[in-house]
Every structure is written in structure tokens, then in C-alpha cells.
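Protein chains: 2
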Amino acid sequence: MTKDLARKLVDVGMGRLEADLCIANAEVVDVYNRTTFLTDVYIIDGFIAAFKGKVRARETIDAKGRYLVPGLIDAHCHIESSHLSPSAFSDAVVPYGTTTVIADPHEICNVAGLDALDYMLKASENIPLSVFYMFPSCVPATPFENAGAVLLAGDIEKRIDNPRILGLGEMMNYPGIVYGDEQVYDKLESAYKRKKNIDGHSPAIEGNVLDAYTACRITTDHECATPEELRERVRRGMYVMLRQGTACKNVTTLVKGVDEGNSSRVLFCTDDRQPQSIEREGHINYGVNLAIKEGLSPLMAISMATLNAATCYGLSDRGAIAPGLRADFFLTEKLDDLQPEEVFILGKAVARGGKIIRKAPHTVPEKVSGMMDVKDFSAERLKLKLSSDRVNCIDIIPGGVVTGRSIRCVKRDSEGCFVHDPGMDILKLAVIERHHGTGNIGLALISGYGMTDGAVATSIAHDSHNIIVIGSDDEDMAVAVNELIRLGGGITMVKNSKVLMSHRLEIAGLMTDESEEEVVRTLDEMHEVAEAELRVSPEIDPFMTLCFMALPVIPELKLTDTGLFDVTAFKHIPNEAE
Amino acid sequence: MTKDLARKLVDVGMGRLEADLCIANAEVVDVYNRTTFLTDVYIIDGFIAAFKGKVRARETIDAKGRYLVPGLIDAHCHIESSHLSPSAFSDAVVPYGTTTVIADPHEICNVAGLDALDYMLKASENIPLSVFYMFPSCVPATPFENAGAVLLAGDIEKRIDNPRILGLGEMMNYPGIVYGDEQVYDKLESAYKRKKNIDGHSPAIEGNVLDAYTACRITTDHECATPEELRERVRRGMYVMLRQGTACKNVTTLVKGVDEGNSSRVLFCTDDRQPQSIEREGHINYGVNLAIKEGLSPLMAISMATLNAATCYGLSDRGAIAPGLRADFFLTEKLDDLQPEEVFILGKAVARGGKIIRKAPHTVPEKVSGMMDVKDFSAERLKLKLSSDRVNCIDIIPGGVVTGRSIRCVKRDSEGCFVHDPGMDILKLAVIERHHGTGNIGLALISGYGMTDGAVATSIAHDSHNIIVIGSDDEDMAVAVNELIRLGGGITMVKNSKVLMSHRLEIAGLMTDESEEEVVRTLDEMHEVAEAELRVSPEIDPFMTLCFMALPVIPELKLTDTGLFDVTAFKHIPNEAE
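So the protein sequences, as listed, match chains A and B.
All you need for this note's numbering is the position in the first sequence, starting with 1, plus 706.
All you need for this note's numbering is the position in the second sequence, starting with 1, plus 706.
Source of the hints: derived by calculation from the structure; they are not laboratory data.
Please read these numbers as outputs of a predicted model, since none were measured by experiment.
Take these hints with a grain of salt, some might be off.
In this list, chains with the same sequence are indistinguishable; a pair is considered to hold if it fits within one copy or across any two.
[What the hints assert, rightly or not] Taking lysine to aspartate or glutamate pairs in the DMTMM-like style, the calculated list, with each CA pair at most 25 Å apart, reads:
1. LYS709 <-> ASP867
2. LYS1081 <-> GLU1231
3. LYS902 <-> ASP1023
4. LYS1277 <-> GLU1220
5. LYS955 <-> ASP1042
6. LYS770 <-> GLU1072
7. LYS902 <-> ASP821
8. LYS714 <-> GLU895
9. LYS1073 <-> ASP1131
10. LYS714 <-> GLU912
Work out the full structure: start from the sequences and follow the hints.
This is the structure in C-alpha cells:
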């Protein structure tokens, strides 16, 4: 708020100045009292000035008794998971009533560090969606791989005073907290000094470890798995998020732990939501609707998705429909199934009937384009020489990101190199460092992907986002890698040395400025091709599965650019079995 | 929070470091979930480290299953109303479980401006009670009197960055807001720039005036009179306070407007609570207990008096019992009648069985002592010359601070001066400017006080706190005024030119560093003397009534140092009736 704005709002309220807009006859959702009331809402300069009264407006929209709901807030998301640039992401989610997101640019910062953060800030500056950021706390995620950047406490100090950076992003390194890692505490201190939030990430921890973690005043958690865990975290002062992502979904489970007593400490988030999920189901409204179907009162659910998130993150200019707040809201027919018919941000209609009215302005991703620094690459480098034909094999488990492991016997050629056997579902997996031209290539063997012939490669490979490629044939794999380098990142499929189809992700190898519709169309078609042409197992998502095979914090065997990694033993192991 | 403290808390939680204290077997009130649970609470360096677990402690207190309740927060009070210095106030309220207050030093700042604020800050620095302040927004309250200081926006800028100043104090000047007073908006801007709170004061306003007032993002209101007003204010984003002061009490009325939907937006406060009320009834716990008696669930009421206040004022280190928070709490037998048996602040026992364990350290009130700059005073100056014997008379109305008015015929002497008639209940009232030696004296006539013989004077006279004196005889009145000047402020009673008894208020003429017990004993005795010796009407409080006779914002006739004031017409009028 500023005094000049306050003056204008008061002038409108007192009838001395004409409002820009009036939403008349709206059944306003009052999240403070958790009730609704019929009124007119007057807006000037993007803010709400007054309710019903002796006020004039230049333009009036008759809501005809429909519900006017405060703009929804996604309390934690990674925009990168949508494959969309911030502007295309805005176009995708705003029609569903999401008007504010708190995003952790953890993925792109793993690729490009502060340049990535600066790009994300700039690219979301002048778009309808309000985007706030948390400074990623864990870049890189582990020391067992090479990411594009290392962000230390000193880097946090350089940016955290930005008013759009609300604090420190999800603190995944809970061992660093409970065992006293100096760097981790220096990062916490940056947030403490500014009284900014610290997002948590504490799957399955409990008892005194949870005490220790929360004693550091970690503000939120979005990794609860049970109603009991929710209550234990709320008890320690955390705001807990009900998450409805594409892979991780816990609204229906966690909602059973929410009651009148603790509902003011519960928020909604999407975390990682793929573009197809957004297009087909919606965004935060989908989670809210699901919670309502599970029995949560609509007014409680809406308060959680609006006021609570605003309170948690200190966003005092939003989260409700009241004088002095931003005119971010939407009209909907039903309160128990939020399907926004008309969405307003700062008092301007921005989406109607599920479609954006005008596309958000695109920001050229200068410093985060073409980030493919791969040296010395050739098919030759994919050769996997083995000293034994008994190997450790990564076993894909459908439906999750955890892998199994097995010991298998494989074919070798005269030089001792692995040879693909079409009768056996064992493929070669490679992770190629792409950030610093180190020439690092990690190689391993993997089963469960199903592909009989060809290669699939992507530059989305959590959390370091090196290139990951799977294939039956070194030549196809090399073509796929080279195609990604040419595209500046993306997903590609190759067969018989020919590129079948690609999805270009030119922004840091993670995102594109194509529209959600285009991205969804491409991905849908690629899924069909993967199954029809490459015979990838229909039980798995050919691309998302691949993205998680390089993540060395999720059991059991994973591959990084520095080699095969045993997550349980927390060390690298050879491909040859003991 | 700091990283060093966080480290220590974690070390205790992980069993690597011994805690200072363990409160064992406590039924902890979990205000986040609104439930209770049996646990042990471990404390180090004044903060809570962990619950039950493999933790050691140097000292253990067995709670034997009693309830452990977070320290109560008074969301709005004027310490001056207790007549006690901050340290004596701490001693008085801490035994009732109040561990934090948000105080508006409006009264003392009317006397001594920034010096007063600095004194209040310093005097509450090293006492058990946490005292935060709101910068008084309306000093002086009106331009129709001379206060000791004028505080402008520039003064606010000088102090508002102090972390113990949480924002702008109760904005009583609502006409200034709705009619666009420049100075008022400059004051608001000081709070806006720091994202600090602005306390409200909006009795009876509604509709578009309330819209305009709340559009300025006024954060709180403690002047609601009905459940409907409460809901209307909450609807506009205000936190509403249930107030239980000595004169203004609305817990029992307002609690009917609180429900599961809006309870997270409701707080408790005392506003103005006299020392006798504190000693006989309690402090915030009294309001909480009253709300519970009226049907509010104990857990909801406790959450309102703790977590909600902490959330509203951004006090993220308190408001609950959880790891990482201050160890401010108390043990009590019953949850539906909070009678603290042992109170802890920063993990130290500070009160037991309703008594403070060790008195809080006193700060010498250097710059705010002996503030009695009265020039040219003598009984002579109290002469009230009238050009007619028909006069405007202030009529005291028992039980409130509003006055009536009447036209009366009085006796005059040969010079035309008013003469007291023992058969007629009309006394002389004088307000003597005491801040700048202006020599201003306002004179008027008043009925309803009942006194037959003598004089009563006090330096508490809202809001400018000049000396106010009432009497039947100029000589007695002069003795009373001179006694106050000698004492440096207080309350005094005089008869036959002799001081009967005095209550010394040496700190700015408003407060004393005597203990609450001493003050209550003195005041009780003075009440008896006033009735027995001076024959003050038993229907009124002889001192509180007097304190409000100079407040020119409450109808109908009042007296300031510049003369008789018609509050309805908002102008001075002569003593002679038309």
C-alpha cells in the first residue's frame, strides 16, 4: 500500500471519485468469516475500494449472483515442471483461477545458478500471474554429480532482499540441519536476518529429528504422507501443504487430517505439475475441488487456497476480497466445483471460459539459452566395457521414481563391451554432463523400459539436469544426444539413426516459450510414437521415468555423470556385480 | 532466530547437548491443532528445543499432568491506565499469565512526546514481560487543547524502525482518513513503507465509511460494540479484539459473533485496565475465562489470546508451544478457568501462585519526571467572573464518560464572580495547562459530583493530561494544584486547606514505580476518604470521572485548558448561557 493509492481508494469509497470497474450482484466469498454475501465490488487502479454503496463506476459487469472467489494461490511449485516459460505458464494457469504462485526455481538454478534466478524474476515481471520466488536452498542437491551451478550462502545474500524473493526454498538437506552442516546454517541465517520464510521438505521424518528440523523454524512442509504426519507438523508450527501434482498427489489422503482446529495452518500447492495435467484437470482449483469432494467445506478449502497462503508468506495485499486488497478474483457458478468463468487480475479481465484473453508478454531468455556445453562427445564414448558379464542393473518400477536393483548376465563383444540383446529387456543408460564441458559420462544398465529398438534422450534429469539417454544402440543414442545439443535441450526420440520426433526446451534445456496447447500436443504425439515405434513399456511414462533415473537421493540405484550410484549405501559402485 | 541458537536447539533435540530445563508430564496446549497432548518440553537458552525424546536436562519440573499454556498476549493496552511503570506493570500482569503486551503509549506521549516513548522503550527493556509498542498516531487528540507534545509523521520516521515498535497506534482520527488529511496520510505512509501494522479505532462506523477506513489497510479494531460490527470488520480484513478493560468491557457481547469460521481473526485485549481490576480479577486470562464462560471453547479462546495475536503482529517467535519458540508459558490446573500456578518467561520461572518471584528492575524516569511546568498559578487565577448568573453547566452522568449539559442559575459575589452555594450541587472545575507554562486556565461549572466541601485534583486528564481540579473553594483547589506540582503529578484530595491524602504519580504525572499492591491500597483508601470526608457521590468514581472531563472528543460539554468546549458543535462556548 502507498498513501497515494490509499487516498484514491478512500475517494472512491466516499463517492468523490469514479471507480474503474464495478462487479455488481456478486456473491462474494468472505474468507475471513468463511461465509458469502451479495454485494457490489468497486475497483480502482487494480485494487478494491469498496463494497455496495453510493459509489460510481465507469464500467459495470453484472455477476448475476455468481460467486466471486479470491484468486487462488499455489503455495509451492516448480514452474519448470510445466515445461513452460513463466509467461506461457501464466497463460496456462490463470484461466483456472490461479493468480499468485510461490515458485522455487530449483531446477533451472541447478542449470544456470543466479543467471537462472534473474531470468525467472525478469520473465515474470510483467505478466498477469504474480510470481514470487523462494531462493533454492539445495543447489546442487548432492555432491555426487555435477550440476550447472553451486549456490552458497553468499549467493543468497546477493538476491534475498528482492521483495519478490520470500525466503529460502525447500530445505531438502535435513541431514545438514540435524548434523550441523556449516553451509546449511549460513543459508538459514540469511532468511533469519530478514525474518523471511524457510520452506521445508521433510518426508517421513518424525520424533526428535522432526523437533530438530522444526526448531530451526522451517515454515512449511509439502511432503506429508499421512494425516498423522500433517498433525505432527502443524503441532510444531509448520504450515502444511496439500499437494496435487502430476506424480505426487496427496490431497485425498491428507484432507482427512484437516479440521476446524487446524485448517488455518493448511495450504494448497501443486509442486510438480506437468502441462498435460494442467490442461486436462486444472491447477490449484483441481486440488481444491478434490478436497471438497472428499468432504472439506468449500469455504474452508477456498480459505486454505487463498487467505492461508497469503498469511503464511506475508502477502498482505491479497488472499481475500476486501477494501485495500488487489482485485484478483474470479467468477464461478458453483462453490463446490470451482470452474472459473471469468478471471480478473488487478481488476482486469484476463481469462474467460477457460481461455486466456491476451497472451502474456514473453521475455527473451538471453543468458539461459543454448546451455549445452558438451565436449568430446561421440558414440565411441558410449561404449561400456565390462570386466565381467555379471552386472548391477537398475530396475525400473512402474508408477514411481524409486528403482529396484538386480544382478543380471549380459552379452559382451570381443572387446568386453556391452552388447544389446533384443531378446532381453536390458538397455544402456548414459548421463552426459552438459554444463561445464567436463566430458563426464556415466554409463549403466537398466531394465523395465521395454524399448526394443532406438533411443530416447532428455535434458530434464533431476536435479542436475545433465543429458540422460537410454537406448539399444550407441549410434541411435549419439544421434539423440547430438539432436538435444542442436536444439539447446529438450526431449528427443531416435530410431535407425533418424530423429523421430523432438520437443524443444530451449530455456536452460527445461522450458519452452511455446504455449501449453502446443506443448501438450507435442508430448501427446511423442507418447504415442514412443509406444508405437519404440515399443516403450505402456506401464511407464517414457519421459518422466527417464527424468528421475539420475536423481541420487531416491533409492535404490541411480546413475549420475560420475557413475552408477547406490543410494542406500550413499556411494558410487561399479557396473560389474561383486 | 539466529543460526547459533538454531544449532543449540538442534543439538539438544538430537541428544548432543543437555537442556537447561525440562517440564515433564505436561498436557501441552497445541494452539495450531487446537488440541492438547501429554509430553515433556525441553528448553535451552530460553527457547523450546524439543518434545519428549532421548534428551537430557539439567533440571526437571514435573508438571504432573497439568496444562501447559502458551503465554498470553494482550494485543492492545495502555500501560499508563494501570498507574504503574512498565516494570511494576510487568510484576502485576505476569502472574496472570500475560507474557507479551502490545502497548500504545498514547497517554505519556501526550505529556512528553518522543522522550516518553524512549522512556517506555527503555523501562521495558530488561523486564520479564515482553513489551512491544505502537507509535501513537494521534498526539494531540484534538487541536482544542494544549498537550505536552505534538507528534508528526517526521517523528514517526525517527522511531518506527525500532524492531520493538510494531507500527502505528490506534488511528482515532477517522475523519482525517475519510476526508483526506495530509498529515494523517503521511503517518500511514510511514507504516506502509515498512509493512508494519496500523491499529484501528473505529467505533460505530459502518458502510462506505468503514470501507474507506479499512481500504487504508487498518489492521485491527478494538472498538466493536456488537457481533454484527465484529463480522463487518473481520469481513474487511481487520483483526478484531475482544476487550475487557475496567470501564469498557465487551467480551460477553462480542463473543457471540465469534465462530469456527472467523475465530482466527479475533484477539483479546485490555485497552485500559485499572490496577484494582488487575489485582482483583486478573488480566488477559480474565477476558479469556469470561469468553469460555460465555460458551467459547477453551482451545479456541486460548488460540485467540496467543497464536492469533502473534500472527497479527508478526511475532514469529511466540504464540505457541513448539520447537524454536520462546519458552513463555504457564501451568494451570483447568483449561476452562486459567489461573496460572507457575509462569515461565524465556524458560525461567517468574511467578508462582499468583505472585511474582523477583521484582522487575526499575528504570529511572529521568526525562519524564516532575513534568509540571505551571506558571503564574494562584487561587486568584481560579476566580470565575461571569457576566450573567445563567450559566452552561456540565452534568456528570454516572456510569460513563459522556456528559450531559444544562443551564443553571448560580450565585455571584459583588465582583460578579461565581460563589459556591452549599445547598446546590454545582462545583467549579478548572483545567490548568501544565506542559509549557502557558498559564492557560480553563474554568467551568459542573454538577453531579456531589462533593460538599473541599477539592480533588489529578494530573491524569485525557488526552492532554493537564491538571484538572474540582472544588467548592478556590483556596482548597489551589492547595490541591500546588500539591500536585510538588508531587510531580498524581491525585490529591484537600479539605480546609489541608491535603487529606495523595497518590503520587511521579512519572509524567501518570504513573508510579510503586507496586500494584501499594497503588491499590492507596486508591482504595482514597476512595473511602472521598466518600466519607468529601461526600463525593457514591454513584461515581471520584477520580476516573474527573479524568474524562477534559476529553473533548466525547460528548457533550467538556473543559480544556482553553475553555469550555461543546463537543457536538465542536467549538468553544462561553460559560454564560445565551
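Against the structure, the hints come out as follows:
1. Taking identical chains as interchangeable, the C-alpha atoms of LYS709 and ASP867 lie at most 25 Å apart whether they share a chain (23 Å) or sit on different chains (18 Å).
2. For the homomeric pair LYS1081 and GLU1231, neither the shortest alpha-carbon distance inside one copy (32 Å) nor that between copies (93 Å) is at most 25 Å.
3. For the identical chains of this complex, LYS902 and ASP1023 are neighbours both inside a copy (17 Å) and across copies (13 Å), given an alpha-carbon limit of 25 Å.
4. Proximity of LYS1277 to GLU1220 under the C-alpha cut-off of 25 Å is found in neither arrangement, the shortest distances being 40 Å within a copy and 69 Å between copies.
5. In this assembly of identical chains, the alpha carbons of LYS955 and ASP1042 lie at most 25 Å apart only when taken from the same copy (20 Å versus 40 Å across copies).
6. For the homomeric pair LYS770 and GLU1072, neither the shortest alpha-carbon distance inside one copy (47 Å) nor that between copies (65 Å) is at most 25 Å.
7. With identical chains, the CA atoms of LYS902 and ASP821 are at most 25 Å apart within one copy only, with a shortest distance of 22 Å there and 32 Å across copies.
8. Taking the closest pair of Cα atoms, LYS714 and GLU895 come within 25 Å of each other only across two copies (14 Å); inside a single copy the shortest separation is 40 Å, beyond that limit.
9. Taking identical chains as interchangeable, the C-alpha atoms of LYS1073 and ASP1131 are never at most 25 Å apart, the minima being 41 Å within one chain and 87 Å between chains.
10. Only between protomers do LYS714 and GLU912 lie at most 25 Å apart by alpha-carbon distance; the minimum there is 19 Å, versus 51 Å within a single protomer.
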